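Each chain, letter by letter, is given below.
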Amino acid sequence: MIWSSMHDFWHMGGYGLYVWGSFGVTAALLGLEVGLTRRQHQALLRELHAQQEQQHTEEWQT
Amino acid sequence: MMHWFRFSSPQTFYPLAGKLLPWLAVAAGVFAIWGLWLGLFVAPTDFQQGEGYRIIFVHVPASWMSMVIYLAMAFWSVLGFTLNTRLSGMMCRALAPTGALFAFLSLWTGALWGKPMWGTWWVWDARLTSELLLLFLYLGYIGLTTAIDDPQRGDRAGGVLAMVGAINVPVIYFSVKWWNTLHQGASVSINGSSMAQTMLWAMLLMAVAFWLYAIAIALYRVRTLILDREQHTRWVQEIVQA
Chain A
1 MIWSSMHDFW HMGGYGLYVW GSFGVTAALL GLEVGLTRRQ HQALLRELHA QQEQQHTEEW
61 QT
Chain B
1 MMHWFRFSSP QTFYPLAGKL LPWLAVAAGV FAIWGLWLGL FVAPTDFQQG EGYRIIFVHV
61 PASWMSMVIY LAMAFWSVLG FTLNTRLSGM MCRALAPTGA LFAFLSLWTG ALWGKPMWGT
121 WWVWDARLTS ELLLLFLYLG YIGLTTAIDD PQRGDRAGGV LAMVGAINVP VIYFSVKWWN
181 TLHQGASVSI NGSSMAQTML WAMLLMAVAF WLYAIAIALY RVRTLILDRE QHTRWVQEIV
241 QA
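Line by line, the protein sequences give chains A and B.
Each residue of the first sequence is one higher than the one before, counting from 1 in the working numbering.
Each residue of the second sequence is one higher than the one before, counting from 1 in the working numbering.
Rather than coming from a laboratory, the hints here were simulated on the basis of the structure.
Take the hints with a grain of salt, since some may be wrong.
Stretch-level coverage of chain A by chain B, calculated; a stretch enters the list once three of its residues show a Cβ under 8 Å from a Cβ in chain B [as the list claims (entries may be wrong)]: (1) 7-16; (2) 28-38; (3) 42-54.
Computed from a predicted model, the values in this text were never measured in an experiment.
Glycine included, each C-beta is placed from N, C-alpha and C at the ideal position.
Produce the entire structure from the sequences given, and follow the hints as far as they go.
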C-alpha cells in the first residue's frame with residue numbers, strides 16, 4: 001500500500017485541495033449529468049403520457 | 001453491410017440504444033474503478049510533482065473526450081448533410097452537453113493542476129486558449145440549436161458549426177508542438193510513452209471509462225430526443241401508453 005495512513009491519502013502530499021478538488025468536481029458534475037438526463041427522460045414520458053390520457057378523455061367525451 | 005442503414009430509423013435505433021445502454025454504463029463503471037484503483041492506490045509518487053500529478057487521471061481523459069466528442073459531432077453532421085437522416089442531427093445534439101462538460105472539466109482540473117505546479121490558475125497559452133475556444137464552440141452549438149425552433153433547420157445550422165469548428169481540434173492537439181506553450185508537450189503517442197507504466201495504464205483505463213460513459217449518456221439523451229421528435233408516431237404512442 002502506497003499510503004501509510006488514511007490521512008496521507010486525503011492529504012495527497014500537500015496537494016489534497018487540488019487533487020480532490022479535481023476528482024470531486026468531476027464526480028459531482030458527471031453525477032449531476034446522469035441525474036438531469038434521467039429526469040428529462042422521465043419527465044418527457046410523463047408529459048407524453050398525460051397528453052395521451054387527455055386525448056383519450058376528449059375522444060371518449062365527443 | 002447495407003442492413004446497417006436499418007438503424008438510421010429512429011424507430012429501430014431507440015430499442016437498440018436501450019439495449020446497449022446498461023452494458024456501456026456497467027463497463028464504464030468497471031473501467032473507472034479499475035483505473036482509480038491503479039491511479040490512487042498503486043501508481044507511485046512522482047519525482048517532480050509529488051502526489052499532485054494524480055490529477056492527470058481525470059484531466060487527460062476529460063480533455064481527450066472533449067476533443068473526440070466534437071469530432072464525433074462533426075462526423076454526425078457530415079452524415080446528416082450527405083444522407084439526410086434525422087437521427088444524425090439528434091445524435092449530434094445528444095453529444096454536445098457531454099462534450100461541453102468535459103471541456104469545462106479539462107479547464108477546471110487543468111487550473112487546479114496549474115496553480116500548484118506553474119504558480120497560476122490560467123495562462124493564455126495556445127493549448128489552454130484553444131481548449132477554452134472549444135468550450136465556447138460547444139456552448140455556441142447548444143445555444144444555436146436551442147434557439148432555432150424548427151428541428152431540421154436547427155440541426156443543419158448546428159451541423160455547420162460542428163463541421164467548421166472541428167478545425168479547432170487538431171489545433172488543440174498540435175498546439176504544444178506548433179507554439180511555445182507553458183502546457184507540457186505530448187508524453188503519449190502511438191509509438192510509446194515517457195510515463196511510468198502504472199501511471200500510463202491508470203490514465204488509459206480512465207480514458208476508456210470516460211469514453212464508455214460518454215457513449216452511454218449520449219445514447220440515453222438521444223432516446224429522449226427521439227421520443228420528443230417522433231411523439232406523433234404510432235410506435236412512440238405505444239411506448240408512452242405502456
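Here's how the hints hold up against the structure:
Judged by the Cβ-Cβ criterion of 8 Å, the region 7-16 of chain A is covered by chain B as claimed, because 5 of its residues qualify and three suffice. Under a criterion of three residues with beta carbons nearer than 8 Å to beta carbons of chain B, the stated coverage of the region 28-38 of chain A is upheld, 6 such residues being counted. Here's how the region 42-54 of chain A fares: 5 of its residues keep a CB closer than 8 Å to some CB of chain B, so the rule of at least three is met and the hint holds.
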